[in-house]
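Trainee: Basically the numbering used here = 1-based index in the sequence shown + 4.
No lab work stands behind these hints: they were computed from the structure. Zero decoy hints are in this set.
For each label pair, taking beta carbons as the anchor points, the in silico distance ranges come out as:
#1 Arg-87 x Ala-325: 58 to 68 Å
#2 His-328 x Leu-286: 21 to 31 Å
#3 Phe-73 x Ser-272: 46 to 56 Å
Idealized CB from N, CA, C, for every residue including glycine.
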Amino acid sequence: MDPGMTGAGRMSNYVKISTLGSRNFTVDEQLAPDEIVERVIGHLQEKLSQVLPEQPDLIVLPEFSDIPFNLYLSPAKTLAYCRVRGARILNWFADIARRHRCHIAYPTIWAQENQPAKNSITLLDRNGTVIGEYSKNHLTLGEMEEYGMACGKEAPIIACDFGRVACVVCFDLNFDRLRLQYAAAKPDLILFSSIFHGAFMQQYWAYSCRAHFAGAVGGGQPSAVVSPVGEILATSTNYFDYVTTTVNLDCAVVHLDYNMERLRALKSKHGSKVKIADPGYLGAVLISSETDECTIRDMMKEFDIELLDDYLTRALAWQSAPEHIKHPEDGEPL
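Please work from the sequences and hints to get the whole structure.
Mentor: In C-alpha coordinates:
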(Lines of atoms letter the chains of each structure in order from A and count residues from 1; the text may use other names and numbers.)
(Lines give C-alpha, C1' and ligand atoms only; values in the text may rest on other atoms or scores of the structure.)
Protein backbone atom coordinates (compact mmCIF):
# COMPACT_ATOMS: atom_id res chain seq x y z
CA MET A 1 0.00 0.00 0.00
CA ASP A 2 1.31 3.45 -0.87
CA PRO A 3 2.50 5.62 2.04
CA GLY A 4 -0.31 7.90 3.16
CA MET A 5 -3.04 5.69 1.73
CA THR A 6 -5.47 4.16 4.21
CA GLY A 7 -8.11 1.46 4.06
CA ALA A 8 -5.92 -1.19 2.43
CA GLY A 9 -7.22 -0.25 -1.04
CA ARG A 10 -10.84 -1.19 -0.33
CA MET A 11 -13.67 0.68 -1.98
CA SER A 12 -15.73 2.79 0.44
CA ASN A 13 -14.38 0.88 3.41
CA TYR A 14 -16.93 1.82 6.09
CA VAL A 15 -16.23 0.77 9.67
CA LYS A 16 -18.64 1.37 12.55
CA ILE A 17 -16.74 2.17 15.75
CA SER A 18 -18.07 2.37 19.30
CA THR A 19 -15.95 3.88 22.05
CA LEU A 20 -16.84 3.55 25.72
CA GLY A 21 -15.84 5.79 28.60
CA SER A 22 -16.21 5.11 32.30
CA ARG A 23 -17.17 6.93 35.49
CA ASN A 24 -15.04 5.24 38.16
CA PHE A 25 -16.93 2.02 38.86
CA THR A 26 -16.29 0.73 42.41
CA VAL A 27 -16.96 -2.49 44.32
CA ASP A 28 -17.22 -3.55 47.94
CA GLU A 29 -13.67 -4.60 48.78
CA GLN A 30 -14.95 -7.03 51.41
CA LEU A 31 -16.45 -9.28 48.73
CA ALA A 32 -14.72 -12.53 47.82
CA PRO A 33 -12.40 -12.16 44.79
CA ASP A 34 -14.60 -14.36 42.58
CA GLU A 35 -17.64 -12.26 43.50
CA ILE A 36 -15.74 -9.08 42.56
CA VAL A 37 -15.03 -10.56 39.13
CA GLU A 38 -18.73 -11.34 38.70
CA ARG A 39 -19.65 -7.77 39.69
CA VAL A 40 -17.18 -6.43 37.13
CA ILE A 41 -18.66 -8.64 34.41
CA GLY A 42 -22.11 -7.31 35.27
CA HIS A 43 -20.82 -3.76 35.03
CA LEU A 44 -19.19 -4.45 31.65
CA GLN A 45 -22.37 -6.10 30.37
CA GLU A 46 -24.28 -2.94 31.22
CA LYS A 47 -21.67 -0.80 29.44
CA LEU A 48 -21.67 -2.93 26.30
CA SER A 49 -25.48 -2.97 26.19
CA GLN A 50 -25.29 0.74 25.38
CA VAL A 51 -23.53 0.14 22.05
CA LEU A 52 -24.21 -3.46 20.96
CA PRO A 53 -27.63 -2.56 19.47
CA GLU A 54 -25.72 -0.39 16.97
CA GLN A 55 -23.99 -3.56 15.65
CA PRO A 56 -20.50 -2.01 15.63
CA ASP A 57 -17.55 -3.51 13.79
CA LEU A 58 -15.25 -2.49 16.64
CA ILE A 59 -15.69 -1.64 20.33
CA VAL A 60 -12.90 0.21 22.14
CA LEU A 61 -12.81 0.27 25.95
CA PRO A 62 -10.87 2.63 28.24
CA GLU A 63 -7.65 1.81 30.08
CA PHE A 64 -8.09 -0.58 33.05
CA SER A 65 -11.53 -1.39 31.67
CA ASP A 66 -12.19 -4.24 34.11
CA ILE A 67 -10.42 -2.92 37.22
CA PRO A 68 -12.66 -1.21 39.81
CA PHE A 69 -11.48 2.30 40.58
CA ASN A 70 -11.13 1.78 44.32
CA LEU A 71 -8.94 -1.30 43.75
CA TYR A 72 -6.73 0.51 41.28
CA LEU A 73 -5.82 3.06 43.97
CA SER A 74 -3.93 0.25 45.75
CA PRO A 75 -1.15 -1.54 43.81
CA ALA A 76 -1.37 -4.60 46.07
CA LYS A 77 -5.15 -4.92 45.70
CA THR A 78 -4.99 -4.34 41.95
CA LEU A 79 -2.37 -7.02 41.34
CA ALA A 80 -4.11 -9.50 43.63
CA TYR A 81 -7.41 -8.96 41.81
CA CYS A 82 -5.78 -9.34 38.37
CA ARG A 83 -4.16 -12.63 39.40
CA VAL A 84 -7.49 -14.03 40.63
CA ARG A 85 -9.33 -12.75 37.56
CA GLY A 86 -6.85 -14.33 35.14
CA ALA A 87 -8.36 -14.74 31.68
CA ARG A 88 -11.98 -14.98 32.83
CA ILE A 89 -13.00 -11.56 31.52
CA LEU A 90 -10.96 -12.01 28.34
CA ASN A 91 -12.90 -15.22 27.69
CA TRP A 92 -16.15 -13.40 28.44
CA PHE A 93 -15.24 -10.66 25.93
CA ALA A 94 -14.32 -13.34 23.38
CA ASP A 95 -17.83 -14.79 23.69
CA ILE A 96 -19.36 -11.32 23.20
CA ALA A 97 -17.17 -10.71 20.12
CA ARG A 98 -18.16 -14.08 18.66
CA ARG A 99 -21.89 -13.71 19.30
CA HIS A 100 -22.08 -10.13 18.05
CA ARG A 101 -19.55 -10.48 15.22
CA CYS A 102 -17.44 -7.50 16.27
CA HIS A 103 -13.85 -6.72 17.16
CA ILE A 104 -13.19 -5.72 20.79
CA ALA A 105 -10.17 -3.82 22.14
CA TYR A 106 -9.84 -4.96 25.75
CA PRO A 107 -7.35 -3.00 27.91
CA THR A 108 -6.30 -4.31 31.31
CA ILE A 109 -3.38 -5.20 33.57
CA TRP A 110 -1.97 -8.70 33.26
CA ALA A 111 -0.25 -9.95 36.42
CA GLN A 112 1.36 -13.31 37.15
CA GLU A 113 3.36 -14.48 40.14
CA ASN A 114 7.11 -13.74 39.91
CA GLN A 115 6.73 -11.77 36.66
CA PRO A 116 6.44 -8.04 36.00
CA ALA A 117 2.90 -6.91 35.34
CA LYS A 118 2.00 -5.28 32.03
CA ASN A 119 -0.58 -2.73 30.95
CA SER A 120 -1.93 -4.04 27.65
CA ILE A 121 -4.61 -3.86 24.98
CA THR A 122 -5.74 -7.26 23.68
CA LEU A 123 -7.55 -7.14 20.34
CA LEU A 124 -10.19 -9.77 19.56
CA ASP A 125 -11.63 -10.43 16.11
CA ARG A 126 -15.22 -11.25 15.17
CA ASN A 127 -14.63 -14.92 16.04
CA GLY A 128 -13.46 -14.05 19.54
CA THR A 129 -9.88 -14.94 18.62
CA VAL A 130 -6.97 -12.90 19.98
CA ILE A 131 -5.34 -11.36 16.89
CA GLY A 132 -2.88 -9.05 18.60
CA GLU A 133 -1.66 -7.48 21.80
CA TYR A 134 0.04 -4.20 22.55
CA SER A 135 1.78 -3.56 25.88
CA LYS A 136 2.17 0.07 26.89
CA ASN A 137 5.64 1.19 25.76
CA HIS A 138 5.83 4.24 28.01
CA LEU A 139 4.62 3.50 31.54
CA THR A 140 4.29 6.21 34.15
CA LEU A 141 6.79 6.28 36.99
CA GLY A 142 4.03 5.17 39.35
CA GLU A 143 3.28 2.10 37.24
CA MET A 144 6.94 1.11 37.22
CA GLU A 145 7.86 2.02 40.79
CA GLU A 146 4.66 1.13 42.67
CA TYR A 147 3.04 -1.56 40.49
CA GLY A 148 6.27 -3.20 39.31
CA MET A 149 5.15 -3.08 35.70
CA ALA A 150 7.47 -3.58 32.73
CA CYS A 151 7.34 -1.43 29.60
CA GLY A 152 6.37 -3.08 26.35
CA LYS A 153 9.15 -3.30 23.77
CA GLU A 154 7.12 -3.68 20.59
CA ALA A 155 4.44 -1.70 18.77
CA PRO A 156 2.83 -4.13 16.34
CA ILE A 157 0.46 -3.18 13.56
CA ILE A 158 -2.49 -5.56 13.95
CA ALA A 159 -4.37 -6.75 10.86
CA CYS A 160 -8.17 -6.67 11.16
CA ASP A 161 -10.63 -7.58 8.41
CA PHE A 162 -11.25 -3.85 7.79
CA GLY A 163 -7.64 -2.61 7.88
CA ARG A 164 -4.44 -2.19 9.86
CA VAL A 165 -4.63 -1.06 13.49
CA ALA A 166 -2.12 0.50 15.93
CA CYS A 167 -2.61 0.81 19.70
CA VAL A 168 -1.68 3.54 22.19
CA VAL A 169 -2.22 3.55 25.95
CA CYS A 170 -2.49 6.71 28.06
CA PHE A 171 1.02 8.08 28.83
CA ASP A 172 2.26 6.81 25.44
CA LEU A 173 0.65 9.86 23.87
CA ASN A 174 3.46 12.07 25.23
CA PHE A 175 6.28 10.36 23.37
CA ASP A 176 7.38 11.18 19.83
CA ARG A 177 9.31 7.94 19.35
CA LEU A 178 6.15 5.84 19.30
CA ARG A 179 4.21 8.38 17.23
CA LEU A 180 6.94 8.53 14.59
CA GLN A 181 7.17 4.75 14.51
CA TYR A 182 3.47 4.56 13.77
CA ALA A 183 3.63 7.45 11.30
CA ALA A 184 6.16 5.44 9.30
CA ALA A 185 4.02 2.29 9.50
CA LYS A 186 0.87 4.09 8.23
CA PRO A 187 -1.93 2.26 10.07
CA ASP A 188 -5.52 2.85 9.01
CA LEU A 189 -6.73 3.34 12.58
CA ILE A 190 -5.19 4.16 15.96
CA LEU A 191 -6.87 2.85 19.12
CA PHE A 192 -6.28 4.94 22.23
CA SER A 193 -7.30 3.55 25.63
CA SER A 194 -6.60 5.86 28.54
CA ILE A 195 -7.51 7.53 31.81
CA PHE A 196 -5.66 10.63 30.51
CA HIS A 197 -7.39 12.61 27.79
CA GLY A 198 -4.46 14.18 25.99
CA ALA A 199 -6.37 17.21 24.65
CA PHE A 200 -5.14 18.34 21.20
CA MET A 201 -2.52 15.56 21.10
CA GLN A 202 -5.23 13.14 20.01
CA GLN A 203 -5.83 15.26 16.93
CA TYR A 204 -2.13 15.72 16.25
CA TRP A 205 -1.49 11.98 16.42
CA ALA A 206 -4.31 11.39 13.95
CA TYR A 207 -2.89 13.98 11.54
CA SER A 208 0.74 12.97 12.01
CA CYS A 209 -0.06 9.30 11.32
CA ARG A 210 -2.61 10.11 8.57
CA ALA A 211 -4.97 7.74 10.38
CA HIS A 212 -8.37 7.73 11.98
CA PHE A 213 -8.13 7.77 15.77
CA ALA A 214 -10.60 6.14 18.18
CA GLY A 215 -10.17 7.20 21.79
CA ALA A 216 -11.82 5.56 24.80
CA VAL A 217 -11.09 7.60 27.93
CA GLY A 218 -12.07 6.89 31.52
CA GLY A 219 -12.77 9.14 34.46
CA GLY A 220 -15.85 10.78 32.95
CA GLN A 221 -13.81 12.47 30.22
CA PRO A 222 -14.97 12.56 26.59
CA SER A 223 -14.21 9.71 24.21
CA ALA A 224 -14.00 10.63 20.55
CA VAL A 225 -13.31 9.49 17.01
CA VAL A 226 -10.99 11.80 15.08
CA SER A 227 -10.31 12.00 11.33
CA PRO A 228 -6.83 11.92 9.74
CA VAL A 229 -7.00 15.72 9.37
CA GLY A 230 -7.78 16.23 13.05
CA GLU A 231 -11.53 16.77 12.87
CA ILE A 232 -13.58 15.36 15.76
CA LEU A 233 -16.15 13.22 13.97
CA ALA A 234 -18.10 12.10 17.05
CA THR A 235 -17.71 12.39 20.80
CA SER A 236 -19.32 11.24 24.00
CA THR A 237 -20.89 13.89 26.23
CA ASN A 238 -21.41 14.74 29.86
CA TYR A 239 -24.71 12.84 29.66
CA PHE A 240 -23.61 9.76 27.68
CA ASP A 241 -20.13 8.29 28.13
CA TYR A 242 -20.21 6.34 24.86
CA VAL A 243 -20.47 7.13 21.17
CA THR A 244 -20.84 5.20 17.92
CA THR A 245 -19.97 6.51 14.48
CA THR A 246 -19.05 5.19 11.04
CA VAL A 247 -15.79 6.13 9.33
CA ASN A 248 -14.58 5.45 5.80
CA LEU A 249 -11.05 4.06 5.75
CA ASP A 250 -10.77 4.27 1.96
CA CYS A 251 -9.29 7.74 2.18
CA ALA A 252 -6.12 9.79 1.75
CA VAL A 253 -4.67 13.09 2.98
CA VAL A 254 -3.59 15.49 0.23
CA HIS A 255 -2.20 19.03 0.25
CA LEU A 256 -3.98 21.78 -1.64
CA ASP A 257 -0.80 22.99 -3.36
CA TYR A 258 -0.81 21.83 -7.02
CA ASN A 259 -3.94 19.76 -6.32
CA MET A 260 -6.64 22.43 -6.23
CA GLU A 261 -7.67 22.22 -9.91
CA ARG A 262 -7.30 18.46 -9.86
CA LEU A 263 -9.60 18.21 -6.85
CA ARG A 264 -12.16 20.37 -8.64
CA ALA A 265 -11.98 18.08 -11.67
CA LEU A 266 -12.29 15.02 -9.41
CA LYS A 267 -15.42 16.40 -7.77
CA SER A 268 -16.86 17.52 -11.09
CA LYS A 269 -16.64 14.02 -12.53
CA HIS A 270 -17.45 11.87 -9.48
CA GLY A 271 -19.82 14.15 -7.58
CA SER A 272 -21.24 12.46 -4.49
CA LYS A 273 -19.05 9.41 -5.13
CA VAL A 274 -16.12 11.29 -3.63
CA LYS A 275 -15.97 13.29 -0.41
CA ILE A 276 -13.51 16.13 0.21
CA ALA A 277 -13.30 17.12 3.90
CA ASP A 278 -11.53 20.41 4.64
CA PRO A 279 -10.86 21.09 8.34
CA GLY A 280 -9.76 24.64 7.52
CA TYR A 281 -6.45 26.43 8.14
CA LEU A 282 -4.44 23.23 7.55
CA GLY A 283 -3.73 23.43 3.84
CA ALA A 284 -4.54 19.71 3.60
CA VAL A 285 -7.81 17.87 3.05
CA LEU A 286 -9.11 14.34 3.44
CA ILE A 287 -10.52 12.73 0.32
CA SER A 288 -12.48 9.48 0.40
CA SER A 289 -14.23 7.22 -2.09
CA GLU A 290 -17.94 6.91 -1.38
CA THR A 291 -18.58 4.32 -4.09
CA ASP A 292 -17.99 0.63 -4.75
CA GLU A 293 -16.98 1.44 -8.33
CA CYS A 294 -13.41 2.52 -7.56
CA THR A 295 -11.02 3.19 -4.68
CA ILE A 296 -9.62 6.55 -3.66
CA ARG A 297 -6.31 5.37 -5.09
CA ASP A 298 -8.00 4.84 -8.47
CA MET A 299 -9.42 8.36 -8.34
CA MET A 300 -6.08 9.89 -7.39
CA LYS A 301 -4.33 8.08 -10.22
CA GLU A 302 -6.99 9.24 -12.68
CA PHE A 303 -6.44 12.91 -11.82
CA ASP A 304 -2.74 12.73 -10.87
CA ILE A 305 -3.45 13.90 -7.30
CA GLU A 306 -0.39 13.92 -5.05
CA LEU A 307 -0.40 12.64 -1.47
CA LEU A 308 0.54 15.09 1.28
CA ASP A 309 3.52 12.93 2.28
CA ASP A 310 4.78 12.76 -1.30
CA TYR A 311 4.48 16.53 -1.62
CA LEU A 312 6.43 17.10 1.60
CA THR A 313 9.11 14.63 0.47
CA ARG A 314 9.40 16.42 -2.86
CA ALA A 315 9.78 19.80 -1.13
CA LEU A 316 12.52 18.46 1.15
CA ALA A 317 14.35 16.90 -1.79
CA TRP A 318 14.34 20.20 -3.67
CA GLN A 319 15.65 22.25 -0.75
CA SER A 320 18.40 19.74 0.07
CA ALA A 321 19.67 19.38 -3.50
CA PRO A 322 23.28 20.76 -3.73
CA GLU A 323 22.38 23.17 -6.51
CA HIS A 324 19.72 24.77 -4.31
CA ILE A 325 21.83 25.24 -1.16
CA LYS A 326 23.08 28.85 -0.90
CA HIS A 327 25.66 30.66 1.16
CA PRO A 328 23.82 33.01 3.56
CA GLU A 329 26.27 35.82 2.68
CA ASP A 330 26.44 35.81 -1.08
CA GLY A 331 23.76 33.44 -2.25
CA GLU A 332 26.28 31.18 -3.99
CA PRO A 333 25.90 27.39 -3.85
CA LEU A 334 27.96 25.71 -1.13
